[in-house]
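Here is what each chain is made of, one letter per residue.
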Amino acid sequence: MTELTISQVQMTFTNVSGISALLAFWAFVLGAIGKWKTKVYRVAEILILLGFVCLTAAIITRGIEANRFPLANLYESTLWFAWAIMGGYLLLVRRLGQNQLGWLAALFATMFFLYGSWLPGNQQVITPLVPALVSYWRQIHVPPLIISYALFCLSGLSSLVELWYAGHIRSLILAAVTIVLAGTAICLGTYTSIDTVWLQLLFVGSSIAGMFLAWRNLSHIATAKADQAKANVYDEISSKAISVGLPLLTFGIITGGLWANHAWGTYWSWDPKESMALVTWISYAAYIHLRVHHELSAERLSLVSIIGLILTLLTYLGFNSLGFGGLHSYGRFK
Amino acid sequence: MNGTQQLHNGEVVTSNKAIAENKSFFYFIDKINTWLVNSLSSVKLTIVLLSLLAVMVLLGAWCPQIPQGGPGKVVEQFGPQTADYLIKMGIADIFHSLAFLLLISFITVNIIFGSFRHVFPKLKLLKSPMPWLRAEQINKMPVHYQFESSLSPADCENNLARTLKRLGYSVCINGSQLTAESGKFGRLAPTVTHIGLLTLLAGVILSSWTGFSGFKGVCPGETLSFLDAEHSQLWLGKLPNWTVRVNETHREDYPSGEAKQWYSNLSVLDRNGKVQKTQTISVNEPLSYNGVDVYQSSWGLKTLKIRFNNDAKQLSLQSMGKLFAAFLPLPQNAVIIFSIRDAQAPLRIFAKREDWSSPKLLSQVPLGGQTDLGGVSLIYEGTVAQTGLQYKCDPGLPIVYLAFIFIIGGISLAAVPHRQVWAQLKESPSGNNNNQLVTIGGTTKKGKISFARQIENIMEKLKND
Ligand code: HEM
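Protein sequence lines correspond, in order, to chains A and B. Here the first sequence is numbered in our numbering, starting from 25 and rising by one per residue. Here the second sequence is numbered in our numbering, starting from 61 and rising by one per residue.
No lab work stands behind these hints: they were computed from the structure. Where hints are given, some of them may not hold.
What the hints assert, rightly or not - Per the computed footprint, the stretches of chain B lying under chain A, defined by three or more beta-carbons under 8 Å from a beta-carbon of chain A, are:
1) 114-126
2) 158-167
3) 207-216
4) 442-453
None of the values given here were measured: they were computed from a predicted structure. Every residue, glycine too, gets a C-beta built ideally from N, C-alpha and C.
Using the sequences and the hints given, assemble the complete structure.
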């Protein structure tokens, strides 16, 4: 019998976790259409829990294998992201007992597993750190950012469900298509060598057009689908995820500033990635002001949170895969 | 403010009395004043300004910025025509454009007015205690229940108080009435955040008026002086007259050959050249002296020292990925390329002619070694390293850090919901004298559904006890 290497252990944990997320997705789908709803949903949640535990183990073994904090390249960050999606779902959402978010969260986590495992090999291997990254600040600065991105995505997904229960089916479809197109642009940028100008155009064009149309179509309500009580629950989940995500994003941006000041002598240098994180931060600051001031209806707030999701994807993955540079270039492909 | 009054929501209105009495010039001044104050403090304006700011920062992230990468990067990314346009439009240096400056000023005014008008006054609410409410009033709360309990009044009330305390409420009891509150400090969120934002602005302004920063590549034996600090906009501060000498600098590699760390040994020299302090710095480990910090920010080999037939010659090296290279042009479109990985590695010498597809390796010489290049003797004497030092003096930094603490604290507080619960016990009207009629209700600003479920659970628990 050959000995199991730590690398194999890590891969096994990661694979089990990815498969659990995928199975959880199907379990949620079955629960929605099948007979034994509560039982199947229970199974789905256990699968998400299993995926979460295995991924925790995978991340820890990755750290042992690399002999450093396991968050230094894009592959590792996708693991953290999927981890935070599943953890955020279990911690924040499950208590309100919402299964419509479950399948979306499981689907999102699965897609990040796939995205991570299809990354080019040089993005996955454990490489030595460049001088700038050798610092304890790295583990303080990056995890809160990745976790906040995951929470913002959960919030956006919850907003999609809110639109569904509030009967805004047209807006929902438009918003969902927008997210899919944005994701497509990111994937094309990651895996193909299509000219980034076209991808930028695809991302920005579809986001602006899609969200504009979604906004315009809010007046269209399919009353047959409406269940306002449920819509309110998803609205609350959405804002809750933001109220936890925003302090984390703030903490991540600020500790990034402290690190930069410590390493380069300036806490802010308008690096593209930094600026993008600031854009995300500003848009959620706008969101909380819209919320406390009751300026917008729940549906409009949902769309704002979906815009936030798109900006989050742009900050986290889009900037590198759509061909932008900067200090934080751990995701440059071309 | 004569003739005007402030409503509970902070809006200022001009009273009818003032309109009737005072159709004078001052009335119009007052009216304009009112309008201006209301507009400048409005949260609608905040949203508009924040959206504009987001768009501008987004553009700045999308287009390479001249202060970071020079105009070359813009041209490289967009081609000369578009780049020219972007530079003319100010998008290639958006964070120093007039529009950006104006927007920031506008936001500052908005934050100041908004904070003093809407945010800070709310602090008063923190002091006011919860009123005692009767059952009829409790029944008007957004969440409310009425049920019968067979417990004795004292047991019932104690049970309820215990449950609420376990959920994090602080409870007050007055006879048959009860009030409970949790997360009151969550109401501090806007105040703390906005004090943080104002502090941040103050710190940044102080820095930009009194601080300086710069970058210089320095070879061992040379000194760094601050007199040519590039970004200095000294209104109030002055530049130091002491200097920093680089004694030694080297690079440490991973076994694979990639750079792991850069080190420079520095001495601070006072005006008379006396050493005041000596320290080895590396990335993440700066030298601090008299309020100025000196950082290790880059590293390279600057010159190549060789000897041709005993003639000493220095060639300047360029960084080419992991390697450094120097070029010596020869007649007939040929060039000799010297390539070296680090100060200890052997020097590799290539020849390249225009009609060759790739350079040819001519020779490899160890440090201090000699080789013969077509009748010319070449001795490799070594290299001179250059350390890239970034320096800065930032007097506003402590204030900025204080602001960071406030902002993180304030935004975290905003996640804490402020919940209030009232309850009253009465003898049951149903005739069963042992039973208590419990009225419980409450309200919250955030997380209404979680709150409603919490109250429902409390009720169920009390019913079943
Ligand atoms: C641009 C100028 C700004 C103005 C005029 C402004 C105004 C206000 C006002 C009036 C409130 C009180 C809401 C209420 O309690 O009813 C508020 C709350 C708040 N603001 Fe601002 N704001 C500004 C910028 C910002 C920014 C950039 C942030 C950063 C995130 C921020 C963070 C907050 C937070 C965390 C709250 C508390 C929200 C809550 O209680 O959930 N503000 N703001």
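Now the hints, each set against the structure:
For the segment 114-126 of chain B, the proposed coverage by chain A is satisfied: 8 residues have a C-beta within less than 8 Å of a C-beta in that chain, meeting the threshold of three. Interface restraint, the segment 158-167 of chain B with chain A: violated (0 residues with C-beta to C-beta distance below 8 Å; minimum three). Under the rule that three or more residues need a Cβ within less than 8 Å of chain A, the assignment of the segment 207-216 of chain B is violated, with 0 such residues. Check on the segment 442-453 of chain B: 3 of its residues sit with their Cβ under 8 Å from a Cβ of chain A, so the three-residue criterion for coverage holds.
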